[in-house]
Every structure is written in structure tokens, then in C-alpha cells.
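Chemist: Sequence:
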Amino acid sequence: MMLGKFKVGRLGAFSSRATAQSQRPYASAKTANIDWNPIRSKKQLKQGIEFDGSASRKVFFGLLCLAPIITFALGTWQTRRLKWKNKLIAECEDRLTYKPIPLPKNLTKEDMPNLEYRKVLVTGHFDYSREAFVGPRLHDTHRGYTLVCPFIQSNGDGEVLIDRGWISADKVIPSSRNLQHLSVPKGEITVECVIRVPPQKGVFNIDHDKNSRLYQYLDVEAIASEMHSRPLYLQALQNYHDRPEWASGEDLSQVKENANDKTKSWAFWKQKSKPITESTSSISKPSLGYDTAEEFDPLQFINAGVPLGKIPKVDYKNNHLNYLVTWYSLSVASSVLLIYMFRKGKFMNPTEEKLKYAKKIAD
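Position one of the sequence shown corresponds to residue 888 (the numbering used here), numbered consecutively onward.
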């Protein structure tokens, strides 16, 4: 009796599943990785194409047609930019070879681009009470700042801003610097510089705090406004030679000590010179007991707080060749893709491909 009931139950369940399957108008096609949504009829397929595929295919086709034209135009523009930048760099490098001249009088901000990287000589004195610092900046793992100081010209032609170079963070206070005839020269001096056009503010540059002498980036206009100076920007050239003619009477003893220290440092391979005595000749034509043409070590300048000036070279970046190759490569790639789509005769439609695959599985 129990066996009969079990058989009847199994037959009932089987018949109910068969009835359910016969009532289903369609069946899902499954692949190993994707469960496709069922498709009921060709009419539904066409409706899906008209609703989902037509507009998107037109947009894609339009973009694909425009891509070669736009990228080719950008590549041509970068070609012109490359020629312009190469010419500009060549002109600036040519100016660096000229001998320095006195800074032209009545020089304006509009004249600066035509004289960029021209070596000039400016005579006057620094105003250390209005020093500005840009940074922080790293130099060989040392933390420091770029030192910008107003320079008052002796010819009465107004002030200019001179970028004296990098200085260590622990030497920002003028009184803490050693070799003061080089780090904070007093009186009238002549400085060799190059004319520079100040950089523009970048997108990620942070505005500095007003009434502060610390700037996140080189904003010459803001520095000149707060320091009450003209926005004429010069960069002092790097020079590791001693300048005893810059020393005033109160700095003479330090120059003598420096001379004796230098003779000790050269004693390994050079005969030691005689120490400095009081019979030393005048500073304008020094005879300090050592060769003043010898250079300091950069580390000596860093430890003493003497700013490290600019190396005389052109700093322009020229990446236009990379951009040119990139745009022309994209133009070629998009052109090849467009030709391939035209040769195929139609664009691949996901809905149609789905139906073909479903029929293949059903067969």
C-alpha cells in the first residue's frame, strides 16, 4: 500500500514538471560564464535593437569618424609647438653665450621675454630686511628654501628682485650665516644675473598667507607687491669663488680666517701658504695669502648659509615630441579601426549576437 502511494507521488511530480515546461513559451540559453536573458520572439529582438542599439551606434560611429580628424589636428598643433619651442630654446642658449652687459635702464616687465636668459650685471646693495623665501625645496637631501631679495640699484633706476638661489633652512636668519661677505654682503656690490620671466601659477599651487615672507611657489607679482618692489625678476648665477672685494672692514677678519682655513684644507696636495698678517694689501686688490681663484666646496656654502645660485643653463621643458607621437599614433589607430568597421559592413550588435549564440546552443 505504501509502495503504491510512493509511485503515485513520483508520477504526479513528474507530470507537474512536464506540464510547467510545456506552458513555458521559451527557455533560457546558458553558457559556461554568462546567463543570458531569455528572448521570446524576433519582434522583441527588433524592438530591442531599435530602442537600445540605434542611438548608441550612431553616437559611436560619429565619434569614430571624428577621432582621426581631431587627433590628427592635435598632432599637427604639437608639431608647430615643437618648432616654436626648439626655436625658443636655441635663442635662449645663444643669449647665454653673450658676455654680460649692464642691466638696461627703464626695463619693463613687457621687455623681459625678449631678453630672457641674457646675462646682466647689476650694481647696488641688497635689502636683507625684506627677504622672501619660496619653498620648502630639497637640495641633495638638505631641506631649504629659494631666497629672493630686493636689490636697490645704485643708478637710481629702482629695485629689482634677485633670486639668490637655494639656502639651508637653518640659515634663513641673516645673522646666523657665516662667510658674511658672501652670504650677506654689505655696501655696494656688482652681481652677475640672468633675466628670467617668472613662472605662471599652476593649477595645484596654493595661495600663500598675506603678510608672510614664506611662499609656496614663486609668485613674483605677490612678492613685489608685499615688498614694495618692481616685478622684475633676475636669477643670480652660481659662483663658488671667493669675493674678497665684497668684504667691508668689519668682515676683513673673517676673510683672513677663511683664507687660513682654506690653506689648511688644501694642504694635502698643495703647499701651505703663509698665514694672513696685518700687512695684507687692500681689499680691492687683495693679496690674502691664497689663490682667490680657488673655489669653495658646495657643502661649505651650504653649511655657511651662502645661497647657491643658478647654474647657467636653459630650464625649458620640451615634451612636445612625445605629445606629437601620441596624437599621431591615436589618429592612425582610430583610422584603422574605422576602415575595419567599414569593410565589415556593419557594427556588431550584442542582441543579435546573443540570439545567434542561443540558437547555436539550442541546436
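Since the hints were derived computationally from the structure, they do not count as laboratory data. Hints are not guaranteed to be accurate.
[To be verified] Here are the simulated DSSO-like cross-link-like pairs (lysine-lysine), alpha carbons at most 27 Å apart as the crow flies: (1) 1197 <-> 974; (2) 974 <-> 945; (3) 986 <-> 1197; (4) 1088 <-> 1200; (5) 1088 <-> 972; (6) 992 <-> 1073; (7) 970 <-> 1204; (8) 1231 <-> 1243; (9) 1204 <-> 986.
Chemist: Now, for every hint given, state plainly whether the structure supports it.
Modeler: Status of each hint after checking the structure:
| no. | hint | in the structure |
| --- | --- | --- |
| 1 | 1197 <-> 974 | holds, 23 Å |
| 2 | 974 <-> 945 | violated, 44 Å |
| 3 | 986 <-> 1197 | holds, 17 Å |
| 4 | 1088 <-> 1200 | holds, 22 Å |
| 5 | 1088 <-> 972 | holds, 20 Å |
| 6 | 992 <-> 1073 | holds, 24 Å |
| 7 | 970 <-> 1204 | holds, 13 Å |
| 8 | 1231 <-> 1243 | holds, 18 Å |
| 9 | 1204 <-> 986 | holds, 25 Å |
Hint 2 from the list above is the single one not met by this structure.
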